[in-house]
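Colleague: Residue-level listing of the chains:
Protein chains: 2
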Amino acid sequence: MITEIAILDVKKGQEKSFENTFKEAQKIISSMNGYISHSLQKCLENNSRYLLRVEWETLEDHTIGFRESSEYKQWKELLHHYYEPFPTVEHYGKNL
Amino acid sequence: MITEIAILDVKKGQEKSFENTFKEAQKIISSMNGYISHSLQKCLENNSRYLLRVEWETLEDHTIGFRESSEYKQWKELLHHYYEPFPTVEHYGKNL
Numbered sequence: 001m002i003t004e005i006a007i008l009d010v011k012k013g014q015e016k017s018f019e020n021t022f023k024e025a026q027k028i029i030s031s032m033n034g035y036i037s038h039s040l041q042k043c044l045e046n047n048s049r050y051l052l053r054v055e056w057e058t059l060e061d062h063t064i065g066f067r068e069s070s071e072y073k074q075w076k077e078l079l080h081h082y083y084e085p086f087p088t089v090e091h092y093g094k095n096l
Numbered sequence: 001m002i003t004e005i006a007i008l009d010v011k012k013g014q015e016k017s018f019e020n021t022f023k024e025a026q027k028i029i030s031s032m033n034g035y036i037s038h039s040l041q042k043c044l045e046n047n048s049r050y051l052l053r054v055e056w057e058t059l060e061d062h063t064i065g066f067r068e069s070s071e072y073k074q075w076k077e078l079l080h081h082y083y084e085p086f087p088t089v090e091h092y093g094k095n096l
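First to last, the sequence lines map onto chains A and B.
All the letters of the first sequence, read from the start, carry residue numbers 1 to 96 under the numbering used here.
All the letters of the second sequence, read from the start, carry residue numbers 1 to 96 under the numbering used here.
To be clear, the hints were calculated from the coordinates, so they are not data collected in a lab.
Keep in mind that a hint or two might mislead.
As the list makes no split between identical chains, a pair holds if one copy fits it or if it spans any two.
DSS-like mimics (lysine-lysine), calculated; alpha carbons at most 27 Å apart, straight line [to be verified]:
(1) K23 <-> K11
(2) K27 <-> K94
(3) K76 <-> K12
(4) K94 <-> K42
The task is simple: from the sequences and hints, build the whole structure.
Modeller: This is how it looks when you write it as structure tokens:
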């Protein structure tokens, strides 16, 4: 199991719209092969920042299975225009 | 419940020593009032990077209860010399 982590900075004023759109978009990611669970949490210090965590069975379930899928195109269309700057995504291994 | 998040960049070559020291240091944080759980995960893309997550009952359990305690002095002495740059710590609210 691996954890995908992205700090999402959303354009000012678009926070509520992003949150509502994410409620729809999360159905996409939840349906993918290798998906285990996810969470979206809002930063207490920065009103436009969110932490997205997604647990995947393997790294490739995210980097290939999801990112090269037609579902990813929908995900991008729904969400990517909210981000500024575009987020860096990293992956983390099991709990030490 | 809130989540403390810190991306920890450890000095090159000190990764194993940091991991071993953290095994001791985690006993400190686990004993604090308001502590719920924690995890330390190693980054797959960057060998010197770790993700620390700590769940606390309230923000103040971390920012006051822990950071103003004598136990925090021990935590600092054990761990802070490993970090470069010194990490930014943020807090995130409940799952949206």
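Colleague: Which hint numbers does the structure go against, in order from smallest to largest?
Modeller: Per hint list: zero violations.
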